[in-house]
Amino acid sequence: MMAEEFEPKIVAFLCKWCSSAGSDLAGVSRMQYPPNVVPIQVMCSGSVSPLYILSAFNKGADGVLVSGCHPGDCHYIKGNYYARRRIALVKQLLEYIGLEPQRFQMSWVSAAEGTKYTEIIKDFVQELKPLGPQTKLRRAQ
Amino acid sequence: MVNLEDLKKEASAVLKDEKVKYVIGYQKSSNGLMPAPVFINKPEDVEKLIWNPTCIHNLTRFLTDERQRKIKEKHPDERPVGLIVKGCDSRALVVLLQEKLISREDVYIIGVSCENAGVVDEKKLAKKFKDKKIERIEFDEKDNIVVTTKDGKTKMAASEILAERCLECKANFPVIYDVLLGEKTKRQPENPFQSLEKIESLSEKERWDFWKEQLSKCIRCYACRSVCPMCYCDECVVDTINFAVTADTTAEEKAQKIKWLEKSPVLSENFVYHFIRAIHLAGRCIDCAECERVCPLDIPIRFLNKKLEKAAKELFDYDAGFDPDHPSLVASFRDEDPEDFIR
Amino acid sequence: MEKVLAKKSFPQWVKILSSYKIFAPVEKENLWNYELIENPEKVNLDYLNTVLSPKKIIFPQREIYLEFSAENEDGLKVEEVLPDEKPSVIFGVRPCDAKSLTLTDKVFGGDFEDIYYWSRRKQMALVGLSCSTPPSPNCFCLTVDGSPFSKDGLDVIMTDLGDKYFIETLTKKGEQLVSTAKALFKTPTEKDKKDLLKIQQEAKKLIKRQVESIKKIPPKLKEMFDASLWDEESMSCIRCGICTYLCPTCHCFDINDEVDSHSPLKGKRIRTWDNCQFPDFTMHSSGHNPRPDKASRLRQRIMHKFQYFVERYKNYQCTGCGRCISQCPVGIDIIEVLDKVRDYGA
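Residue numbers (this note's numbering), protein chains in the order written: chain A, 7 to 147; chain B, 143 to 485; chain C, -7 to 338.
Worth flagging that the hints you see were computed from the coordinates, not collected in a lab. Do not take every clue at face value.
[What the hints assert, rightly or not] Derived DSSO-like pairs (lysine-lysine); straight-line CA-CA distance at most 27 Å:
(1) B:LYS269 <-> A:LYS97
(2) C:LYS258 <-> B:LYS347
(3) C:LYS(-1) <-> B:LYS269
(4) C:LYS34 <-> B:LYS354
(5) C:LYS34 <-> B:LYS401
(6) B:LYS284 <-> B:LYS295
(7) B:LYS269 <-> A:LYS15
Bear in mind that the values here come from a model prediction, so they are computed numbers and not experimental data.
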């Protein structure tokens, strides 16, 4: 029986105005990138609660991405600055308890950066493949 | 050295003038070495007050109950509450003021300085004195700790049985007070995050094994949450009760309401609980270590909160609980906040 | 039957019983708790008492009732998940903890037997360790019809005589445990019996704490529902839940469905411990909470243990183990509260 290669599942919280639009641009431009992402549109990266991130890992996500507008470009002016702080704290704590740091990433992707989005996803999938499925925080079935 | 009689005098004075509803302090408990919180409303009852290295409890915790009382009672007593606080406790008070849970007029602060000492660690005491019943613990003038058992007195340097957090204390006398007892002995620890290093220096696998073992013990009694002065949310994210029910709410909707974690005390759910609590305390936890003290399974909870305290300091130059006018950690930002982790 | 067992032969006894599932107190970082024993050599009864009582073995904190799944619209499959029924032995059970199991037996038994509880309980043999000295300075078993040598609920009772244990079998199950390894056991000498008697007599005197005239309390409580005492005593309560979770007789539980996926539907129905000191314990789905404050919850705890249970089962729902007193973060002392109840209004 042929061994199936592990396909990581990435949950991506994308802010509606920039990152989600950026991912749409990638789609509309027919850019090829791995289909491993479950995109969740949020109004602003600043609205991403640490609970969403934990919940994603709890339900078995192999990787989690939070992506928002570049600093200065937030549709709600300051949301992404709050996100920058909050996500830094989440990242510190996840690493501290022993979760592989590559599993949780954050990016600034604007509505025009379709290419950047595809590259982020490609690289993310490549980094996650050797790590295997995320079992540490996943709820037992 | 703080004189107990002075403390009693202060408490008695403010009660005699009827300036406060009651004074919350420490009294001898009926069942062992550790004291119990006491609510004194009559001046003569100040005789019950004690002050010694076992006065560990963070009495600021009871201000949450005060707020509840004011909300729920039909004719609440509007007078402030008198509160005996140590340095760490006063920082918790500052955080509550910062978050406007209470206002400055709600509390009359009787501050007590730990001077060069602090509070004892129950476990270290038990180890040193094993089966011997301890009758008294007190500071002496040189800030040594003197322990009296049936066999006599033993003097030791405070650092031998002080709580670990006291050895890293950032505020050994109250940062806010109406009256202060004891000297404002400034003592800056060399490395306020030293105790964290033994976990930080572990490899990723060792760290995971450590937290996995510790958090598997958790029985989700929520004592850590209940004792924390900063965990005052009426609707905590771990209690899935906050769901507005109307006449039209279907059973299906009720069954599928948002549940961030299951009630089962299994590792994955325990992680969510402890993790989210640590995040919610980022920039608010002042390391009174009550969470760790009350845990019946001795889980080192303090080291979760401490990590974020260090992150707050190193990444954002933030110290919790010093300035009531300072914005909270997560509701503020600086232009120079690091973004090297962001692609 | 009465026997003695050399202490150094004790691990061998445990080894011979390898066909049973063995539970015993295990120390980890200075705390003792019951665990499944993989290595019989490691069993050590040199301990005071565990943090969590042995009730967690028979009434686990998480129990799966059933599993459900639905492949399509009309195919709902429900499967009961019953505990596995291998015969088991719990070593080192203190008499108060053994007695507490006879009390939970009443709750989970009677007219309607809880199959989850009983499929474990029926397979369980309890080997007790009597209390030559009180495990806790807050022990008060004598007050609540218990004793450091009580045999209630035990199949065998062991007493530490220094270099050996005095063994007394109390039931057929207990006899079987001893006869399986009969080569290890010897007949007690007259000195052994004298030593045992001496320890038993001394043990009762060593229990320092008590509630005087406890018999007055159940009828007194009946009139105290609206007493101001509950407000006063609960002032420093932080409703942490430790007293209830650590109590060997507390048995309230919650049932929840843990849904792994919605489509296709797959999940489990789980029973977990619940805690009357949690503020949301009596929360109704309408939002109303009949016990919204600490006073009503403390009152509930005391009345359940010393009035409702007495009325229903003719026993105090308390075995005097002292855990709630030792572990309460704010020093609320059930003995003190009971003293105040008894003297209330006097």
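Violated constraints from the hint list, given by number and in increasing order: Those not satisfied are hints 1, 2, 5, 7.
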